[in-house]
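A.B. asks: One-letter residues, chain by chain:
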Amino acid sequence: MVRGRVLAVDRLFYALVALTAVTFAGEIWFVFLKVPTEARMGIVQKIFYFHVPIAYSMYLGATACFIGSIRYLLHPSDTSDALARAGAQAAVAFGAMMLTTGPLWGAKAWGAFWTWDPRLTTALLSVLIYVAYLVLRAFAGDGAGERRFSAALGVLGAANLPIIHFSVQKWGGQHPTVITGSGGGLQHPAMKTALGVGFLAFTLLAIVLIWVHARVEMARDRLRRAEEDAIDLGLDTRTEE
Amino acid sequence: MNALQQTPNDRATTFQPVQGEAEHYNGEVLLVSAYAIVWVLLLAWVALIWRKQSTLASRLDDLQRVLDKAAADKVTK
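Residue numbers (our numbering), protein chains in the order written: chain A, 24 to 264; chain B, 106 to 182.
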């Protein structure tokens, strides 16, 4: 029964990987060969079709970290901790992509790689929070206290996400607001399709990578417990050759 | 005008397709750089997961060796 469930989960994972690959191939083909070039910025505007989904994927990673952290604070478990850790890793990875692709677009659109625009600044702050989370996990040990402290940081880190989202509406700055609740400013159907497929591709990619990372983290926790059991039985796994 | 002097109304709110003009490719280096960076970072992330998994495999081998040795010692006793 358990073996059957494992096989079903494996099949689901491989199907997800295949779907992600197909979606990415379709997105790249569509963005470069079908979507018209933007009138004012030219071809560099095509960065938009993955910059925005990447930023959204950073939110997904941060949300996974938040959910794992909340669950860990309420009911401590290796699974919740692994989800929080994998989510933080995703937030940093996608955040790094967001903070490099955005300035490359800005170099053309604004004439500067970086401005201390409210959205850019709050996004940078958010990525730094998750970098701090990972540094904490890497260097502070793996005891229950450290895990609880990290979970609290994971919850606090999520508090910045709405600030990033609403910063363009509440404060001054240069960051565009092309995607709006009233339909958005993409003036061609192919532009909207490219953005939609981009969201799908990066959502699938985020799910795949968070899943893989969380499984590795869970395996690490199980191995650590097995090593501790071995040591309790008088078998020192660190010194044997 | 710097970023802080602008109001929310000063933002770009639309992206429009080019009409009847030759395409502009001035930003192609920036575009290719952006794509390249995304793939490099993704591969770096996959490499990090691979390294973590390799470390786990190595620790698992150590544990297996210790357990095998303990079992062998028990038999000889």
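It is possible that some hints are incorrect.
Computed Cβ-Cβ distance ranges for the label pairs, DEER-style [to be verified]:
#	chain 1	residue 1	chain 2	residue 2	range
1	B	Glu133	A	Asp259	21 to 31 Å
2	A	Phe36	B	Glu133	32 to 42 Å
3	A	Arg28	B	Glu133	45 to 55 Å
4	A	Thr86	B	Val137	29 to 39 Å
5	A	His211	B	Ile142	20 to 30 Å
6	A	Arg248	B	Ala177	22 to 32 Å
7	A	Arg63	B	Val145	25 to 35 Å
8	A	Trp137	B	Ala149	16 to 26 Å
9	B	Val151	A	His211	26 to 36 Å
10	A	Ala213	B	Val137	46 to 56 Å
11	A	Ala135	B	Val151	29 to 39 Å
Some residues of chain B that are not near chain A, with every Cβ distance over 10 Å (derived) [stated by the list, open to error]:
#	residue
12	Arg116
13	Ala177
14	Val180
15	Thr181
Chain B regions said to be covered by chain A (calculated; three or more residues, Cβ under 8 Å) [to be verified]:
#	segment
16	140–147
17	163–174
Rather than coming from a laboratory, the hints here were simulated on the basis of the structure.
Predicted model only: the values in this text are computed from it and were never measured.
Every residue gets a Cβ at the ideal spot worked out from N, C-alpha and C, and that includes glycine.
A.B. asks: Each hint needs a verdict: does it hold in this structure or not?
C.D. replies: Hint by hint, here is what the structure shows:
{"no.": "1", "hint": "B/Glu133 x A/Asp259: 21 to 31 Å", "verdict": "violated, 59 Å"}
{"no.": "2", "hint": "A/Phe36 x B/Glu133: 32 to 42 Å", "verdict": "holds, 36 Å"}
{"no.": "3", "hint": "A/Arg28 x B/Glu133: 45 to 55 Å", "verdict": "holds, 49 Å"}
{"no.": "4", "hint": "A/Thr86 x B/Val137: 29 to 39 Å", "verdict": "holds, 31 Å"}
{"no.": "5", "hint": "A/His211 x B/Ile142: 20 to 30 Å", "verdict": "holds, 26 Å"}
{"no.": "6", "hint": "A/Arg248 x B/Ala177: 22 to 32 Å", "verdict": "holds, 24 Å"}
{"no.": "7", "hint": "A/Arg63 x B/Val145: 25 to 35 Å", "verdict": "holds, 29 Å"}
{"no.": "8", "hint": "A/Trp137 x B/Ala149: 16 to 26 Å", "verdict": "holds, 22 Å"}
{"no.": "9", "hint": "B/Val151 x A/His211: 26 to 36 Å", "verdict": "holds, 34 Å"}
{"no.": "10", "hint": "A/Ala213 x B/Val137: 46 to 56 Å", "verdict": "violated, 21 Å"}
{"no.": "11", "hint": "A/Ala135 x B/Val151: 29 to 39 Å", "verdict": "holds, 32 Å"}
{"no.": "12", "hint": "Arg116", "verdict": "violated, 5 Å"}
{"no.": "13", "hint": "Ala177", "verdict": "holds, 12 Å"}
{"no.": "14", "hint": "Val180", "verdict": "holds, 15 Å"}
{"no.": "15", "hint": "Thr181", "verdict": "holds, 16 Å"}
{"no.": "16", "hint": "140–147", "verdict": "holds (count 5)"}
{"no.": "17", "hint": "163–174", "verdict": "holds (count 8)"}
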